[in-house]
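Chains as they are written, first to last, in my numbering: chain A, 1 to 240; chain B, 1001 to 1316; chain C, 2001 to 2258; chain D, 3001 to 3375; chain E, 4001 to 4354.
Calculated directly from the structure, the hints in this document are not laboratory data.
Be aware that a few hints might be false.
[Unchecked claim] Covered by chain E, according to a simulated footprint, are these stretches of chain B (three or more residues, beta-carbon under 8 Å): (1) 1099-1108; (2) 1113-1121; (3) 1245-1253; (4) 1295-1302.
Bear in mind the structure is a predicted one, so any value in this text is a computation, not a measurement.
The C-beta atom is built at its ideal place from N, Cα and C for all residues, glycine as well.
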Amino acid sequence: MSSIKSIMTVKDLFAGYGETEILHGINISVNDGEIVSIIGPNGAGKSTVLKAILSQIKINQGSINLLGKNIVSIPTSQIITKGISYVPQTNNVFVSLSVEENLEMGAWVNPNNTQVKLQEMYELFPDLGEKRKQPAGSLSGGQRQMVAMAKSLMVDAKILLLDEPTAGLSPKYRSEIFSTVRKINGSGVPILMVEQNAKQALGVSDRAYILVDGFNRYDGTGDELLKDKEVARMFLGSRD
Amino acid sequence: MWENFGFEFVNYYFIPGLVLGCIYALGAIGITLTFGILRFANFAHGEIMMTGAFLTWTFLEISNIFLGFYMHPLIACTPAIFIAIFLALSVDRYFYKPFRDSPTIIIVMASFGMMLIIRSLVQVIWGPNQITFVKGIAKPNSYLKDFSSSMDMMLLVPSKHLFIILGTIIIMLAFNYMLTSTRIGKAMRAVSDSPDLAKVTGIDVEQVIRATWIVGGFCAVMAGVFMAMDTQFIMSTMGFRMLLPMFAAAILGGIGRPFGAVLGGLVIGFAEELSAYPWFGNGPLLSPGYKSGVAFSILVLMLVFRPSGILKGRVF
Amino acid sequence: MVAVETLRVNNLMKSFGGLEAVKGISFSVQEGSIFGLIGPNGAGKTTTFNIIAGAERPTSGNVLLNGKDVTGLSSEKLYKLGLVRTFQLSHEYPQMTSLENLMVAASDQPGEKIFMNWLAPKTVASREKEVLERALDSLNFLGLSHVKDELAGNLSGGQKKLLELGRTMMTDAKLVLLDEPGAGVNPTLMLKIIEMIRRLNQERGYTFCIIEHDMDLIADLCEKIVVLAEGSILTEGSMTEVRANEKVIDAYFGGDLE
Amino acid sequence: KVGNPMAVTGPIPDLVAPMLLAVDLAEKHVNEQGGLFADGQKYTIVRADSGCDPTAAVDAVTKLVNVEQVSAIIGPVCSGATIAQAQSVTMPAGVVTLSVSASSPAISSLESGTDLVFRTAASDAFQGKALAELAIANGIMDLAISYANDDYNAAIAAVFASNYEILGGTITANEAHEPDKSSYRSEVATLGADTNNLALFAYYGSSGITILRNSLETGAFDLFFGADGMAAQEVIDQIGAENLGNAFFTTSTSDQTTNAFGAWKAAADAANVPAADPFVPNSYDAAFMMALAIEKLGSGDRAGIASALRAIANGPGEVILPGEFAKAKAILAAGGSIHYVGASGPQDFFNNGDVAGFFSKNTVVDGAWKAEIIK
Amino acid sequence: MDELIGYFLYFLSLLSVGGIYALLALGLNVNWGFAGLFNAGIAGFAAVGAYTFAILTTAESTFHYGGLGLPIIIGEISAFLIAGIIAAVIGIISIRLRADYLAIATIGIAEIIKLIFKNQVDITNGPRGINKIPRTWEHFSESRYFSQPILSWIGDNQFWQAFFDSLVNWWWQPLFAATILFFVFVVYMMLERARVSPWGRMMTAIRENEDAARAAGKDVTRRRVEAFIIGTMIMGLAGALLAQHLRFIEPTHTFDPSKMTFLVWVMLIAGGSGNNRGAILGAFLIWFVWSASELFLNGFIDIVANIFNGIDVSMLKNRSGYLRMLLIGLVLQFVLQKYPKGILPERRPAAPGE
Ligand SMILES: Nc1ncnc2c1ncn2[C@@H]1O[C@H](COP(=O)(O)OP(=O)(O)OP(=O)(O)O)[C@@H](O)[C@H]1O
Ligand SMILES: Nc1ncnc2c1ncn2[C@@H]1O[C@H](COP(=O)(O)OP(=O)(O)OP(=O)(O)O)[C@@H](O)[C@H]1O
Ligand SMILES: [Mg+2]
Ligand SMILES: [Mg+2]
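One chain only, chain A, in its complex shape:
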C-alpha cells in the first residue's frame, strides 16, 4: 500500500464570527482521492468550517494545510487560485448573469479551456444547456443548485468543497449529484462536503466527521458511522 497523501488538514481550529467563537478545536483531514463528509445538527458549525478554510472569517487559532502549505490568513481569491473550489450553501449563483456567464465566471482563475469545460457541463446537466442564455435568477431552486455545482467544476480543482449540494433537489437529481460527486472524485478530485442527507452522504463517503456544537463528536468511515446505532438515532433520523 502506498503512503496516503494528505491534501488538506485542518488542525485544532478555533474560529468564529466577531466576538463569538463557533468552532472550538476542530480537526479534519482529507486525503488524496477521498470523499469526506461533515454531518451534524443544524448550527453545529459545519458551514463555518468551510468558511474558515476559505479565509472568510477570523481564525483565532489552529492551522489549515493545503498540500503541505499553511493557508491561514491568505486572501480568499488566492486560496481559490491555489486549487480550492467551493460551492456555498445559499446565494451561490450570480442571479443577473446568464447560466453560461456563471459558468465562465467559474473558470475565472483558469480560463484556458473554458469552451471544452462548458460542453462537459452541459452534458453533465442537460437542463442547463437548454437555459444557457437565461439569467440564473429566474431558475428554480434546484436548477440553481446545478448551476452552482457546474460553476465550481469549471476549473480543475485540487479539492472541492460543497456545502449541502443536494439541499432542495428532487430525489432524482439528488442521486445524480451523489453519483456526480463520485464521478468527479473518480477523476481524482478529493471532495469535502457538508450534507444533511446524511445517509446518502455517508453512503458515498470514504470517511465522515460528525460535528456537534463546534466540537468533533464522531468520526470514522462512512460504513462504520452508518451502522452505529447511536449515530443513527442522534444524527441520521432513524427511528428505533
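Model the placement of chains B, C, D and E with the ligands on the given structure of chain A, informed by the hints.
Chains B, C, D and E with the ligands alone, transformed into the frame defined by chain A:
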C-alpha cells in the same frame, strides 16, 4: 424641403438637447457603475467630474506658458484623466473601502462627505470664482453649414458640439463592448450581483472595484471636459449642479445599463430643452423657471411607473 | 362526513415572458388534511404556492379559499383569512432577534396601531405578554431557545429554516403552505418537524399543503399527493400509488426508490 | 470691532470676492491712518460667512453680536440674508446693520422707526426705473426680458418691466429662468422669437454669461442690456469684447468723473481691487463709513451708532473722500463735523436708511467697461 | 458681564436651532431609522411647514397671499397637518420605491416643491420671500397681538408697550428656546414609546424583509406610508419653528437641500439611526460643530497670522468658509470610520417592555 420650423427646432432645441444629453449620459455611466457594483449612490461623482475639468484647464494654461499655445482640451485632458483616476482610487482606498461591509447608507454619507471635501479643496486651491475655459463664442461649423445649405437646409452646429457628440458615441460603444464581452466587464457584473460569491469564485473583487473607478473616473473627466467645452467656463459648483440630472439619467436608463444611461441622459437633456419650446402658441410650454423641475418630474414618474428604467436594469 | 374543501385551485396558469411555468393545473385540499406537492426541480411548485399565497398573480385560473374566490388578493389579506406560508429560501428579519422574528408574526396585535401605544398601553401590554409566551414556547419546541436573543441573520441555514416554521406556529392558521420545510434540516430534527406538523394538524386542525423533496416526510404525512412536472399535473393519489407510477419514477425518483 | 457677514460661500462667490477685498481695504486705510479714537485702537472687522442663506446669516450674525460682541454689522450681501438677520438678530438686539449690496425694495419698509437698518446700495426701485428710461432713450421700443429667479434679479426685473411699459415700451416676452443651468439655448430661442433686444437680469456668474453666449451663438438676440449683476470684467474676458459691442449695463456706482470716485479708484488700483465691479465701491463705503461713525461717536457703543452714521453721512460738514480717514479724524478731534462722499455716491441716508443711487451706463470700450453717468 | 450674557444668548440660539434640527432628525428617524425609507426631501417638507406657518400667521401683506394673522399655535398645527397631507399624496405615489430610488425621487419632489414656492409669486412672493414672521413669545410685544384678547383684557396698549419696553431686549430668547426643547421632548417621548412597542417591531420587520412581513399579514404599503407621513409631519413642525427663528423665509437658500437635507442626514447617521436619543444627540452635536467651527476657524487663522507675523492671511480668511466645509467633511469621515453605527447605535429591545 424643410420648412423653417424644422431648422429652428433642430438647431436651437434638438442639438442642444443632444449635447446636454451626451454630457449627462457620460456622467451617468460612472454613477450607474458605482451604483451597480459598489451599491451606493456616489454623491462625489460630480466633484470628480469638476476636478477633471479644473485639471484640464490647468494643463491648458501650462501648455500656454511652456509651449506658447493652447492645446485642444481633448489633449490636455489626458494627464487630467490620470490624476482624476488616481484621486478616485485613493478616495476609494481611504474613505470607501473601510465601509465595504457596512450598510449602504454609511458609504452614501461618506461619499457626501467626500463631495464636501473635494469641492472645498478645489475652492481653496483654485478659488470659488468662475474660470474661463475657452474664450469667445463658438461660431457654427462652417463646413457643415456650407454643406447643409447646399442641401437647402441650415445646420448651425459649432465644432465643439460635434466633438462632444462623436466623443460620447465612441466612449459608449467602447464601454458597452467592455461590459458585455470582456472578462473584466463580466466580472464587474458578477461583483455587482454578489461580491461574496465573486470572492469565493476567485475573482479579485478589489481589482474589479478598481477597474470600476478607473472607468467611472475616465467617463467623469470626459463629461467634465465636454461640459467645460460647451459652457466654456468652469466653476467649483458645476459638478453638483450636474449631479442630480445625472442620477436621474442613470436611473431613468436602468441601473447598470450603459446604453440606458445614454438614453436616460438624452431623455433628460431633451426634456429640459424642449420644455421651453413654444409647442402651443408663442410662449414656452413651461416657464423656464420650472426647467430643473422637468428632469425630476420625468424621473419621479418613471420611478413610479417603471422603476427598472427604460432598459430593464437592476431593481433593488 | 362531508369533506369541506379548504383550498381549491382551478386551471391555474402562469407564464414568465415566454416561459410557461404553470400550465393549467387544478387540485383541491380537504379541510384538516395534509396535502403534498412534489415534482422535479423547476416543475412549478413554488410558483403555484406563490400564486395561492398572493405573492404572484396567475396569468389565468382562480384560487378558492373555503369556497371564496381569493385570486389576486394580497398576501396580507390572505393572512387575515387564515393562510400562512413559509418560503423555500428563508425569509428572516436579519437584524432582529429570533424571538422578535416570531413575535412579529403573531396576529391581532393592538400595539401595531401606533395610536394604541399612546392611548391604551394596558391593552397592548397584556396582548404582548401572550405573544411573548407563545413565541417562547415555539422556540422551545424547535430547539432554538438558546439562540432566542441571537440576531436571525446570524443563524445557520437550518436554524433559519426552523424559524421559518416557527412563524406558522404563532397564529391560528387555517391553511399552512410549507415550501420545503425539510431542506437542509438535520434528519433527526426532521422527525421532530414531522411530529410537529402532525400535532398541529390534529390538535389545532391546521390544514397543510407541503412541498418537499424528502420522501420520508411526504410518505409519513400526506394522505394525498399531486405530482407536478413541467408545469402540469403528472398524476395524483396516495404515496403508494404515486410511487408505483412509471412516469413519476422516470421524471422524479429517477429509479432510486431509497 | 465690527462684524462683517458676507456670502463667502453660496451662489455668488464671484461677486463677493472683490467686495471682501474692498472691505479689507477700508479696514487697512483706517488702521494705517491712526486707527480709531485718540489712542489709535485697531479697527477690527470680524468676517463671517452668511452664505446668502437666511439660516447661515442668522447663525453667523448671532455669533458676531453675542460672542464677538461687535458694535455694528456691515452687511450681508443678499437681500434675503440681510432681512433675516436684521429681523431675527440685530433688530431685537438693537444693533445697526449697514448692508453693502442688499437692494431689495422690501428693505425700505423693514424697520419702522427703529433706525437700525441702513444700506449703501440703492434700492432696485430706483435702478429699475433708471434703466427703463435709458432703454427708451436709446430707442429700444420692444424687448424680451429674461431674469434669474432669485431675490435680487426678480425684484429689479419687476420694477423695470412696469416702468418700461409705462414709458411706452413693448415687452414681447418676460420669463424667469432657473440660475445655474449649463445651457439656455432653448430659452433664448423661444424668447427671441419676436425681438432682437434682450433685457437680461442675472448674476454674471450663475447664468448671465451663459445666456449671453447662448444668445450670440444662436443669434437669438443682438442687443443686450441689464443691471448691476452683469457689469464685470469677467464678462468681457469670457465673451470677448468684440462680441459685446451692443451691450450696456447700468450700475449703481457713482459718477466716475467725481473726485470721490477718483480718490477711490486710485486707492483701489493701488491695492489691486477692481474699482468698478458691482457693489465693490459700496462695500468700501460701508466699511469706511462705519469707522467714521464710530470715530465720531467716540466709542463702540451700539446705541449711538445710528445717529453717528447719519451725522457723518448726511452732513453738513467738511467733505471727506474715500481713504481720507486721517483727515476726518483730525476734524472730528477738533470738534468739527464731516460729510462723507462715497466711492459709490454721496451716501446721504433717507429716513428709512436708503440712499439715492447714482447710476451709470456701462459699455465696453477697449476691452473694459466704461461707465458714463446717467442720473 | 455683557460677554457672559453674549455667550449665554449664543448658547440659547445653539439650543434653539439644535432643537429644530433635532426635530428634523427625529422625523427622519421615523422615516429611515424605523421604516427604512430613504427620505432625501427633508428640505422640501420643512419648507412646506415653514410656508404654511408663515402664510397663516403673518399680518396681512401685499407681497404674498393672505397674511392671515392667525394665532401661532394654529400655524404650528397647520404646518404639522399640511406637511402630513402633502406627504400622504407623495407617499401613496412613490412609497413602493426602494431605498436609493426613493431618495432620488424625494430629492426630486423636494426640488419641485421648492420650484413651486419660487414661481407661484402671487402666493409666496417668489424668490423674495416672506418677511416679518411672528416668533413665539417675542410676538406678544407686537401691537397686533397685545391689542387683542386675551392680553388686552389684562391691560391696555400703553400698559403692554411699557411692560415690554421695561424688559431686557432678549427676554423672549430663553422662553423661545424652552418652547422648542419642549416640542423636542414631547415628540421624543411619543416616538420612544412607539419604537419599543409592537408597532416599532413591525416597522423593523417591514424594513428588514418586506415579503416576509407581507406574508405575516402586515399591510406593508400602508405602514410605510404611515411612517412616511408621521416623519414628515414632524419635519413640517420643525419647518414652522425654523420660520419663527429666522423670521424670514425664501425658497432658494433657506431650504437648500445640499445644506439642510444633508446636514440632517449627517446628524442622524452620526447620532445613530434607529435610536431616538441618537438622533437628538447627533442634531445638537453636529449643529454645534457646524456653527462653532466658524469661531474656531477664525481664531485659528488669527493665531496663524500672529505666529507667522506678516504673512497675508486675507486669502485664508476669505476662503475660510470653504475651509469650514472641508472641516465638516473631515469630521463626518472621522465619525463614520470611528462610529459606523452612530455614536448611540440602534438597540432593539431584547424583549417587550424592556
Ligand atoms: N420570476 C421568474 N422569471 C422567470 N422564470 C421564472 C421565475 N420564477 C420561476 N421561473 C421559472 O419557472 C419554472 C418553475 O419554477 P418554480 O420555482 O416554481 O419551480 P419549483 O417546482 O419550485 O422547483 P424547485 O423544486 O427546484 O424549487 C422554472 O423553470 C423557473 O426557471
Ligand atoms: N454571520 C454570523 N455571525 C454570527 N454568528 C453566526 C454567523 N453565521 C453563523 N453563525 C452561528 O454559528 C453557528 C454555526 O453556524 P453554521 O452555519 O456553521 O451551522 P451549520 O452547521 O452549517 O448548520 P446548518 O446545517 O443549519 O447549515 C450557528 O449557531 C449560527 O448561529
Ligand atoms: Mg450550513
Ligand atoms: Mg421551489
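Taking the hints in turn, this is what the structure says about them:
1. Check on the segment 1099-1108 of chain B: 6 of its residues sit with their Cβ under 8 Å from a Cβ of chain E, so the three-residue criterion for coverage holds.
2. Against chain E, the segment 1113-1121 of chain B contributes 8 residues with a C-beta closer than 8 Å to a partner C-beta. That satisfies the three-residue criterion, and the hint holds.
3. Only residues whose beta carbon comes within less than 8 Å of a beta carbon in chain E count, and the segment 1245-1253 of chain B has 3; three or more means the coverage holds.
4. Counting residues of the segment 1295-1302 of chain B whose C-beta sits closer than 8 Å to any C-beta of chain E gives 5, which meets the bar of three, so the coverage hint holds.
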